[in-house]
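Asker: Listed below, chain by chain, are the residues.
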Amino acid sequence: MKYAFSFLAVIALILIAGLGSQIPGMHYLFGVAIPYLAIMLFVGGFVYRIIQWAKSPVPFSIPTTCGQAASLDFIKQDKLDCPTKTSEVVARMFLEVFLFRSLFRNTKSEIHDGPKLTYESSKWLWVFGLLFHYSFLVIVIRHMRLFIEPIPRWLTAIEGVDAMLQIGAPTLYLSSITLLIGLLFLFARRLMNRQVRYISLNNDYFPLVLIFAIAVTGILMRYFLRTDIDIINIKNLAMGLVTFSPVIGAKIGAIFYIHLFLVSILLAYFPFSKLMHMGGVFMSPTRNMANDSRAKRHINPWNDPNIKPHSYAGYEDEFREFMVEAGIPVEKELPAAKDEV
Amino acid sequence: MAVPKLEQLSKSVVQGPSLATGAVPTKEWMDVQAIFKPGNYAYPAKVEKVEYLNSQKDLNFPNAREWSPEDDDWKLPEGWQEIILKGLRERLDKFRSLKIFMDCCVRCGACADKCHFFLGTGDPKNMPVLRAELLRSVYRNEFTLGGKILGKMAGGREMTIGVLKEWFMYSYQCTECRRCSVFCPYGIDTAEVTMMLRELLHLVGVGINWILEPASNSNRTGNHMGLQPHTFKDNVDFLAEDIENLTGVKITPSFNRKGAEVLFITPSADVFADPGLYTAMGYLLLFEHIGLDYTWSTYASEGGNFGLFTNNELMKKLNGKMYAEAKRLGVKYIIGGECGHMWRVIHQYMDTMNGPADFLEVPKSPITGTTFNNAVSTKMVHISEFTADLIRNNKLKLDKSRNAHVKATFHDSCNPARAMGLLDEPRYILDHVVDWVEMPENTIREKTFCCGSGTGLNTDEIMELRMRAGLPRANAVKHVIDKHDVNTLSTVCAIDRATLTSLMNYWNPGCKVCGVTELVGNALVMDGENRQELDEGLRTLV
Amino acid sequence: MYNKGTIIPGLIIFVLFVTFPIWFNGFKAGTPPKPELPPGGEKKCVESVEYMRANHMQLLDEWRDNVLRDGNRSVVTVEGKDYRKGLQMACMQCHSNKEKFCDSCHTYAAVNPYCWDCHLSPKEAASKEETR
Chain A
3 MKYAFSFLAV IALILIAGLG SQIPGMHYLF GVAIPYLAIM LFVGGFVYRI IQWAKSPVPF
63 SIPTTCGQAA SLDFIKQDKL DCPTKTSEVV ARMFLEVFLF RSLFRNTKSE IHDGPKLTYE
123 SSKWLWVFGL LFHYSFLVIV IRHMRLFIEP IPRWLTAIEG VDAMLQIGAP TLYLSSITLL
183 IGLLFLFARR LMNRQVRYIS LNNDYFPLVL IFAIAVTGIL MRYFLRTDID IINIKNLAMG
243 LVTFSPVIGA KIGAIFYIHL FLVSILLAYF PFSKLMHMGG VFMSPTRNMA NDSRAKRHIN
303 PWNDPNIKPH SYAGYEDEFR EFMVEAGIPV EKELPAAKDE V
Chain B
119 MAVPKLEQLS KSVVQGPSLA TGAVPTKEWM DVQAIFKPGN YAYPAKVEKV EYLNSQKDLN
179 FPNAREWSPE DDDWKLPEGW QEIILKGLRE RLDKFRSLKI FMDCCVRCGA CADKCHFFLG
239 TGDPKNMPVL RAELLRSVYR NEFTLGGKIL GKMAGGREMT IGVLKEWFMY SYQCTECRRC
299 SVFCPYGIDT AEVTMMLREL LHLVGVGINW ILEPASNSNR TGNHMGLQPH TFKDNVDFLA
359 EDIENLTGVK ITPSFNRKGA EVLFITPSAD VFADPGLYTA MGYLLLFEHI GLDYTWSTYA
419 SEGGNFGLFT NNELMKKLNG KMYAEAKRLG VKYIIGGECG HMWRVIHQYM DTMNGPADFL
479 EVPKSPITGT TFNNAVSTKM VHISEFTADL IRNNKLKLDK SRNAHVKATF HDSCNPARAM
539 GLLDEPRYIL DHVVDWVEMP ENTIREKTFC CGSGTGLNTD EIMELRMRAG LPRANAVKHV
599 IDKHDVNTLS TVCAIDRATL TSLMNYWNPG CKVCGVTELV GNALVMDGEN RQELDEGLRT
659 LV
Chain C
3 MYNKGTIIPG LIIFVLFVTF PIWFNGFKAG TPPKPELPPG GEKKCVESVE YMRANHMQLL
63 DEWRDNVLRD GNRSVVTVEG KDYRKGLQMA CMQCHSNKEK FCDSCHTYAA VNPYCWDCHL
123 SPKEAASKEE TR
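Chains as they are written, first to last, in the working numbering: chain A, 3 to 343; chain B, 119 to 660; chain C, 3 to 134.
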């Protein structure tokens, strides 16, 4: 029942923001202070975590080679999966970060009578993973309209595409729907795939539920609970925040404060959780290194030059007699036997 | 430890109540204890082996003692928790991979059914993600903000004796094959996690004999088998005699010879144990065929490196012999034989640990003139690279019909496949010497399945585990046996030659295991040969 | 710290992305729009100011459906005044300047209603009338 805890936690957060923001004078706490604190924790925490990682060296060159290495000139190298040049590594990383290439390989194995093992291509996690992440990205970009002035054309264009179905008013965004679909799949998979269910922790359910709640409050605010949701007021607040002169003019509905509070929680939670995979994916040594360790010496800063092999001299001293007898060359001949003189 | 009958095990892997077959454990994994009973653990290291290693300069193998995993009391040193946690802290500071792999996992489960140990045993803790969680839970508890504040709620747990026992059980049910890391969206490599777990366990004197004994042998005698110089030479000479009996070609290999152009190093199992012997005969024939100026070494008589399965210091110390001997003998470069983990060490660690090898020359084939540009720094060439180049330049007289008795398939060994990218060189060689077919797509190349007994796990007392872990590989071989009448499983790994033989005898009786160079040796047409009718190639009894 | 050469630029890019609104705006919040009140001095609307600010788009959407899809052209009567359901027929009778009323907020909030795919603003309507 680990997921139940996450629901309770998110419900508690919603209540805190919903009720708290209605107390006179608390607007500034929920609308200004907490968002500032959250973004500082996010940026500061993120940078801190990356630097903490960077403080440890990568002692060995350990790329996972997923294709033919560069070797003889008549053997065709798989440049993407076994890169040697920096440009090839960049290409491999690009596909990894932007298209989740490793996940694309996913298979599902089954054991049948016989025994007979089968491995079938299984791309669902890849499809819905991409759907979720890209929907989230589009939504984040879309929200920039509230934080900048004047609004550049590319932003309007992205929004136009997202709203191209022209359903309802305000117009329905595709990304809202696809984000929810992605989240529901990921959540259902955690509950229904027996392996994933067994390994899932609170740490896995909580961000899913939190993001789900963020999406739902956003949708409710845009389409259903519009009382006191005047976009101009909200943009004034957002613009004030990013120009360090925040003002809260007219009254803004509680749903807005709930939405903003949940986003703040997500930002603050981010650097201290598994969500740091966003930074980590760039730094994974099995993916971001070139497979050239025999052509170019990789340096390990803590390599201990004092560690020497058991010496040949020591070896010969122990076995010299046998070696001489077997006709194996030695560095030092046997001492002449006394009776031979 | 009797191994279950084939029918029993065949049923058990399909119907046995396990996470792989559909049963969901009722207890949370943190509440399930590791229980040791005969057959599910490898024997602890002998006191004298641990003491020997600990006595060596720069090595740390403390707490030598008699103990058994079945006992409640593992006789751990005073303050062992602090030793472990301090060791973990040090390793977090030394290996970025460890930090990232501890922090980035999202538990998506893509790795879960990629592990051969999980597929064969169905034990949830053999899912790579859960194997890593065994360490990650302790890491979170001690080193992360969330874990320190929320403890178990954030997936953390205390370092207890139960946790340590779990570490021992499951870090020795992982062969560091890296298959999971191919599928992980962040490239999390369980091999790195297993290595760290094993290093930490050695800090408190928990290790297995099947690794520490070969490692101490290798330190002292130069090879895992513990062959002393004269015995090593005798073994190779016997192989040369066998060749003379079979083909009429007289070969006189040299040992520790200064001034040779090339030093040749291969796993000692090749000169000692069936069926590696035939691969070694292949090397002898091949080098004789092209008139290579090379020498064997008795001091550096081991290609493999069981140090890789213990800790970094021992790996470095054992590996150091290769360059030391190459320097002493004054050779130009080194050729390495067929071996999996040996090549992981050479390809990804050797130059970093024991280089730069500036006393050697850039490897250049004296026969074809080809420069091995991929090895210009390490100066060590894989025998398959060397052979493929010879074939490409028509320097070998090959008669494929001499392998008419063989219908082969090819097993990619984990390390050459996923830690080196040596995939097509052996295939190129096979194309020219034998009739062969590939196994199914998801079981070869970077997706190859481990033999199930690598990283020092090919010991008899855990035979059932090995047969279970090897099932995915054996099953893929069975597929091509049924479909294409394959009778030989070829490979470029010495551990494979030993372990796959047991595996085939169990799951696919009748299927032989051989090295690729054995098949080359079979097919070579030697100058001045006086060859008998060899209907089983080099294995023919005369 | 190791690999500074790639990690520090990476972090800078990250921070630039996250702080995009700060440096894009250059600390200038700009002036919030002040939509022009009806030039004719009309004070009454079909709903309260607060309601209209938050919900006018939903009201218009409903009217559009009523009229075009359901053929319901009933008149809305508020405080004795009749309004015909329609952007041009009701709203723009008072709010006659599209640029100074509608667009001032819509541009600020990057809202692109598709009203004007079909409707004409009073100005456009007038110029069309002239060229006829």
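Hint data in this document are derived by calculation from the structure and do not stem from the laboratory. Here a beta-carbon is modelled for each residue, glycine too, at the ideal position from N, C-alpha and C. Be a bit skeptical, because a hint or two may be false.
Only some residues are given here: those of chain C computed to face chain A with a beta carbon under 8 Å [stated by the list, open to error]: (1) A56; (2) L62; (3) A111; (4) C120.
Covered stretches of chain A (chain B as the covering partner; in silico rule of three or more C-beta atoms under 8 Å from a C-beta of chain B) [what the hints assert, rightly or not]: (5) 108 to 116; (6) 262 to 270; (7) 281 to 289.
Asker: All hints are to be evaluated individually against the structure, with a verdict given for each.
Answerer: Evaluated hints:
no.: 1; hint: A56; verdict: holds, 5 Å
no.: 2; hint: L62; verdict: holds, 7 Å
no.: 3; hint: A111; verdict: holds, 5 Å
no.: 4; hint: C120; verdict: violated, 12 Å
no.: 5; hint: 108 to 116; verdict: holds (count 8)
no.: 6; hint: 262 to 270; verdict: violated (count 0)
no.: 7; hint: 281 to 289; verdict: holds (count 7)
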